[in-house]
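Fit chain B with the ligands to the supplied structure of chain A, relying on the hints for placement.
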Amino acid sequence: MPVTKETYLYWYESMLLMRRFEEKSGQLYGQQKIRGFCHLYIGQEAVVAGTISAIRQEDPIITAYRDHAHALGKGVSARAVMAELYGKATGCSKGKGGSMHLFSKEHYFFGGHGIVGGQIPLGAGIAFAEQYKGTDNVCICYLGDGAVRQGALNETFNMAMLWKLPVVFVCENNGYAMGTSVQRTTNVTDIYKIGLAYDMPSEPVDGMSCESVHEAMDRAVRRARKGEGPTFLEMRTYRYKGHSMSDPARYRTKEEVEEYKAKDPIEIVKNTILEKKYADEAWFEEIAAKVKEEVEDSVKFAEESPFPDADELYKDVYAQEDYPFILD
Amino acid sequence: MRTIQFREALREAMSEEMRKDESIFLMGEEVAEYNGAYKVSQGMMDEFGAKRVIDTPISELGFAGIGVGAAMNGLRPIVEFMTFNFSLVAIDQVVNGASKMLQMSGGQFPVPIVFRGPTGNAGQLGAQHSQSFESWYANCPGLKVVVPSNPYDAKGLLKSAIIDPDPVIFMESELMYGDKGEVPEDEYYIELGQAHVDQEGTDVTLVGFGKIMKVVHAAAQELAKEDISAEVIDLRTVRPIDYATVLESVKKTNRLVLVEEAWPLANFSTDIAFRVQKDAFDYLDAPVLRINSADTPLAYAPTLVQAALPSAEKVIKAVKEVMYIKS
Ligand SMILES: Cc1ncc(C[n+]2csc(CCOP(=O)(O)OP(=O)(O)O)c2C)c(N)n1
Ligand SMILES: [Mg+2]
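Protein chains in written order, with my numbering: chain A, 20 to 347; chain B, 39 to 365.
Hints are computed from structural coordinates only; laboratory data are not their basis. One should not assume that every hint holds.
Unchecked claim - Sample of chain B residues with no beta-carbon within 10 Å of chain A, all distances over it, derived:
1. 71
2. 81
3. 95
4. 263
5. 292
6. 344
Unchecked claim - Across the chosen pairs, the derived CB separations fall in these ranges:
7. 312(B) x 208(A): 23 to 33 Å
8. 203(A) x 146(B): 29 to 39 Å
9. 319(B) x 323(A): 51 to 61 Å
Since we're looking at a predicted model, the values are computed, not measured. The beta-carbon is built from N, C-alpha and C at its ideal position, and this holds for glycine as well.
With the rest of the complex left out, here is chain A (with noise of 0.2 Å):
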């Protein structure tokens, strides 16, 4: 899929809607209004953005609990979202969820999930499915580069090189683990080198352009698509805020994060557009007050929503529906 001037203007309202969403999070979790533990994607949005821009609408994606973006961007609506990390029954998974556990099956979006590292066997797994039903879409399996350290990934890659699985394993190395910089986890520092290992296909990324995301991945799911096997993407990223919102990031420096901000992907893509005359001032006023309007729009509509009813306890545990729980 080349990059057209319509994918230049679908990132930059796709990031803003990404951005000012997480900002509005941010803002509604210091209002208690969202509870639990909170993970912002600001900074990040070049990897979903450039990832989702190369593949289809039937690829599958899974990725850990910073996921709000991969949802939006998978084409969830920021109202089932926001219901979500709200905790409203009108949420994409029913509020039962919460921010780290959106799901999506309409979206084919997998989910987010909560233990480090537990979405890399199960990316792997969706990919089976896909090869065993012989279709030819492609798993998109996002990882952080701290969920490198887990074993299980050592395993899942050995397998789904040995089995050919169309999964692309994108790691967001956003340099920090919790506090954790990747330096302080390893001697090999290029995260990309443990593909190697297995001779998967690996590379790295600049993870603040959505141009070499989108290339990257682009030559990934193709390969992928014609049963040639997985790859591995190091996209190099950062996140602006803290790990989760009680985390003040005191481990890094305020240059560091002035580094990477003056690479701002949603800057720099409204550059190239400008440049290119994709659109002009009054399209960029145009998509940033439909982005507010939207966020507003899903605030207003969590708002309004109901939380679960209690009797929604029981509901969703097993698929069977009279499943005898234990009542006393």
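Frame of chain A, contents of chain B with the ligands only:
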């Protein structure tokens, strides 16, 4: 007496023992430079250095096993799990390794290790972050399992756990780390395996452990207002279990309500109910009742959290039921 936080009590326990014994070290995610995800180990790296307070990658299986191997070879590791939800990634090394090594080796390789961290729910954290695995570990012979409910016990029990010759699972709670309680300056130990009678009473025995004791105490206070005298027992250690203290109490009150955060199937409430019907059958004036979390993973929505968790109201209702009081 001075009061300190639960997290400080844990830190004192570890630091005091580490000052005495070079072979003790602390290992886990964010324990050193970040001073602990929940600030339990604050300042410990400064005091003991990076050799003895060690940050790990997010590799629970690996570092739990490294701990077990180090313990087999003469060290005394304290392995911190950021929460016990994540210990499931490592449970093979605990259950297939630590718990069995002494017996498999015919007594040659003891494994003096402590695995510690928070257990149970901490509010709206969703299904994967809200689990109580005390009974999973306690089911496994070879392990000891300690679940303190207050700073005083936490310190004395952790000190005993660290010097214990066997592997100990030591389970705390995010919701208790900030709790304050009286802790003497002078050194003390609390023996593992001893329950504590927090409050004497005559009408009903309430048994719990860990942070759920807050619910138990709240219920006991409410009951007192209605002239119902509850005897409150904090098990403190759930393997081994101090059955004797529970039985003695039941023989006095003739009624028992068990309170536990875990799911209802196969846990301490079922275990203690069995023991009591077997050894104190003739003393019971009512069936044993229990309050557990609902038989479902803990969902995120506040309405579902509230419906699922044990509460003082639920305990009070059960007490009235065993006392045949119509409410
Ligand atoms: C198995 C496991 N261990 C520990 C945790 C606690 N934890 C949650 S997020 C996190 C850091 C993960 O960092 P990374 O994979 O880089 O993802 P990022 O947060 O940067 O997106 C840790 C240690 C967990 N959820 N699961
Ligand atoms: Mg990271």
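Okay, the hints, checked on the actual structure:
Distance check for residue 71(B) against chain A: the nearest CB is about 7 Å away, which does not clear 10 Å, and the non-interface claim fails. Every CB of chain A lies more than 10 Å from the CB of residue 81(B), the least distance being 15 Å, so the non-interface label holds. Not every C-beta of chain A lies more than 10 Å from that of residue 95(B), the closest at about 4 Å, which undercuts listing it as non-interface. Distance check on residue 263(B): its Cβ is at least 26 Å (rounded) from any Cβ of chain A, clearing the 10 Å threshold; non-interface status holds.
Every CB of chain A is more than 10 Å from the CB of residue 292(B) (nearest about 20 Å), matching its label as outside the interface. Residue placement check: residue 344(B) does not keep its beta carbon more than 10 Å from all beta carbons of chain A (closest about 8 Å). Taking 23 to 33 Å as the suggested C-beta distance range, the pair residue 312(B) and residue 208(A) does not conform, at roughly 54 Å. Distance hint check: the CB atoms of residue 203(A) and residue 146(B) are about 36 Å apart, consistent with the given range 29 to 39 Å.
The hint said 51 to 61 Å for the Cβ distance between residue 319(B) and residue 323(A), and at roughly 56 Å that hint holds.
Hint check: violations occur at hints 1, 3, 6 and 7; the rest are consistent with the structure.
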